[in-house]
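What follows is the residue order along each chain.
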Amino acid sequence: MSNPSQVPTTESIQAGGNVNPPSNKFTERISHVLADLGKNGIFIALIAVVVLFAILTDGILLRPQNISNLVVQNGYILVLAIGMVMVIIAGHIDLSVGSVAAFVGACSGVFAVQWGLPWWLSVILSLGIGALVGVWQGFWIAFVGIPAFIVTLAGMLIFRGLALVVLGNANIGSFPAEYRALGNGFLTDLFGEFEIDPLTLGVGALAILILIVQQVRTRRGRAKYGQDVEPVVWFVVKLVLISAAIGFFAYSLASYKGIPITLIILAVLILVYGIVMNRTVFGRHIYAIGGNRHAAELSGIKTRRVDFWLFVNMGTLAALAGLIFTARLNLAGPKAGDGFELEAISAAFIGGAAVQGGVGTIGGAIIGGLIIGVLNNGMSIMGIGIEWQQVVKGLVLLLAVAFDVYNRRRSGGR
Amino acid sequence: MTTNILEMRGITKTFPGVKALSNVTIEVERGEVHAICGENGAGKSTLMKVLSGVYPHGTYDGDIVFENETVEFKDLTDSEAKGIVIIHQELALSPYLSIAENIFLNNELKGPMGLIDWNKTNFEAAKLLARVGLRENPTTKIMDIGVGKQQLVEIAKALSKEVKLLILDEPTAALNDEDSDHLLDLILHLKGQGITSIIISHKLNEIKKVADSVTIIRDGKTIETIAKQEVTEDRIIKDMVGRDLEHRYPDHTPNLGDELLRVEDWTAHHPQDSSRVVVDKVNLNVRAGEIVGIAGLMGAGRTEFAMSLFGQSYGSRISGKVFLRGKEIKTRTVSEAIDQGIAYATEDRKTYGLNLIEDIKRNISMASLKKLENFGLVHDNEEYKVATEFKKSMNIKAPNVLVKTGKLSGGNQQKVVLSKWIYSDPDVLILDEPTRGIDVGAKYEIYTIINKLAAQGKGIIVISSELPELLGICDRVYALSEGRITGELPIAEATPESMLKLMTMEKPR
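Chains A and B supply the protein sequences, listed in that same order.
Here UniProt numbering is used: the first residue of the first sequence is 1, the next is one more, and so on.
Here UniProt numbering is used: the first residue of the second sequence is 1, the next is one more, and so on.
Excised from the complex, chain A in its bound form (with noise of 0.2 Å):
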């Protein structure tokens, strides 16, 4: 690897070095990686509320309790944001997850409170709920010809409803301990207390290396198939970037109390739905039904088939950000779930998604759905109230999807 990242480096040097034939690869370098940065603004709008927050508070924002916090507390928006954001890309649109999430919830008291059944078996029931709630949801969507607003702005109300039926005008809490680390537990002491925990670091120095192999990789089958690739220079700076960004969060993490649970969760699901989402069949059809419906169908894709199963999956997620916040709250209340719709929408939104569909990524909105949580965070730490907080992150949201539009008009399209 060091051979032939080193070679277009001091090629790239003389270059700029050189002034006095303009040189051609140099600019184009140059507008590559500003294009780039153009590509990744969310990621750069992520790194600035940081920044910003991190001066803020007076370094608190990053200091790693607040950092484990961080993930914990929003772990079940990112669950709800995956789902959120294929829906949206689709073309539709998903109100009922909050009160999805409460119903199973609620479902889960029953099942490992009330009843006793063991804890793996709750969850499992649990998921099933959610799944039969996408198919219901995806049933009146998909065959029926119902828009999705209108289904699950019903749904929002008949799920909260009957998650007031289930819970009996009362809350159902203390749930056993496997269940609630779901919401709060940790991978932690496997080897022995340490003052930082080694296998937190392992993961993430894995991290890094599973991160760096698999760019490298892509990258030079990109070029075997005589593609266009990015300078080898910001490709290697984007990389050291980003390790450094893994390196520092999973130090935070090791020095608190390890690896929650909830990020293991997290980080599979980004894992499965990005690839599922870009490269499986099925993800190319969502895309290609957000873009133009017609032309999809057209090409012989089945839109109901792909619009159903989107509803089951989102049931599905739903119902699982409904277990991790109830076991983080160790509650299965009446209002949980309250407002989850508006915030997992926000970070389909804020990460790049279009309204008219097509366009999203699970990544941008799992960058998204971590501003809002930074955002949270950070104006928590300020003593800035909630009503003022409220204010702030509906203008996150105004200006991230005007900020979107006015590119899209600038570029060219439509």
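Read the hints as simulated data drawn from the structure, not as lab findings.
Remember, it's a predicted structure, so these values are computed and weren't measured experimentally.
Be careful, since some hints might not be right.
Said to hold, decoys possible - In silico negatives: residues of chain B with every beta carbon more than 10 Å from chain A:
1) 188
2) 221
3) 311
4) 333
5) 351
Unchecked claim - Listed next, with one range per pair, are the computed distances between beta-carbon atoms:
6) 265/B / 226/A: 46 to 52 Å
7) 14/B / 226/A: 42 to 48 Å
8) 150/A / 281/B: 39 to 45 Å
Unchecked claim - Here are the simulated SDA-like cross-link-like pairs (lysine to any residue), alpha carbons at most 20 Å apart as the crow flies:
9) 370/B / 306/A
10) 407/B / 436/B
11) 370/B / 280/A
12) 74/B / 94/B
13) 385/B / 217/A
14) 49/B / 78/B
15) 224/A / 380/B
16) 392/B / 448/B
17) 321/B / 287/B
18) 385/B / 218/A
19) 385/B / 278/A
20) 161/B / 80/B
21) 257/A / 201/A
22) 224/A / 389/B
23) 385/B / 227/A
24) 224/A / 402/B
25) 224/A / 385/B
26) 392/B / 222/A
27) 385/B / 330/B
28) 385/B / 280/A
29) 238/A / 249/A
30) 330/B / 297/A
The beta-carbon is built from N, C-alpha and C at its ideal position, and this holds for glycine as well.
Given chain A, put chain B in place with the hints provided.
Positioned in the frame of chain A, the structure of chain B alone reads:
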């Protein structure tokens, strides 16, 4: 003072790159029914848009004299104020409003407080309905009456504006025979009341029935105006098509194989009005290596036939049989049709053909992702390679295959659509208006691609409203009229005149 109500003199209208009208002159006498005839794209509708102010004064050259006064319309409201009302092919009625509401839309009858006077509205509407011979309650919703009656509501609406010159753009295109007859009678009846009409049509019998004179337009120029006594079908047809067929089509020597596709008694009904037959017992066949054309005027059911065949994407109550290489196949869904080896490239590539916000690569792979699948994952790099090969072989002009298709020109977009279908490796390709809206150079390239595909032994069906195109590239042509195949000619026997005769052949009454 002349007896002419309207004179349009030397009208020239250019769009970027195209001269739609060049020095068109037309004179309409007061109190007559004047027909305007011409092929699709000849410039009839453009001329009417100039007249009605849709293209405002200043965007065209030439003069319009209406009632002995030179007029300069800025928009539709302007021309309507003078008493010129145009009724478009696609009716401009709001389906959820009542007949009376539609008649007085944007012309509401108000009472003393500035509020709408519903009693007066419905009363006046009823009077207008009586004038056009429509027995319906003015409060009936538009969606609850048929297209024929809707057409009458449009005319009633025109009458409410005290129309002097009524323009009807292909008024009977969507009507059945009975409704057409009624409409034509009404036009004659209104003529008796002193209302002048311009009717755009290419149905020759109806022109002969109602028109006092006929002006023929071809390629944006007026050919001649013929008075009623002198109107003959042959003369109109000769005027409409009489263009020179230059060397605009690549040479093509067919190498015909066995029969590839046979369609028997294919029938489809209108999707909403399932009693209306749109495709009527169509029988046709295509041999391997053959380019077969389907010619038909607007509304003949060309696209409807193709789409109903392609996975029942159009219509209701579809029946008939399809055979591929002598074996009957089912094409109930689009994916089934694709799997059987049929591809259909739509006439409207922006609405039905492409995902404009996605790149070239993903558009090409859209119908055949399964081919790129490997252990459940789409092979990205292979996809890039395939798309790049198509970009080269089809000469798609773009820096690379990561360019969004929305940024390509019409010709290049069409090449992407063709690439998509060629990649799905069909036996039969149905190309619906493959050269619509693309420039001459790109057209030639598309024809070359079509020839190449035929040479590979594929069966090609080309649907086109441009007769010269069909005659230039096909081996055999079918004529379609009112959903029926009215004739089939080998290319050697097909002339524009003989084709147009078949294309305008109406159902025996």
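Please write out, lowest number first, the hints stated earlier that are contradicted by the structure. 3, 4, 5, 12, 27
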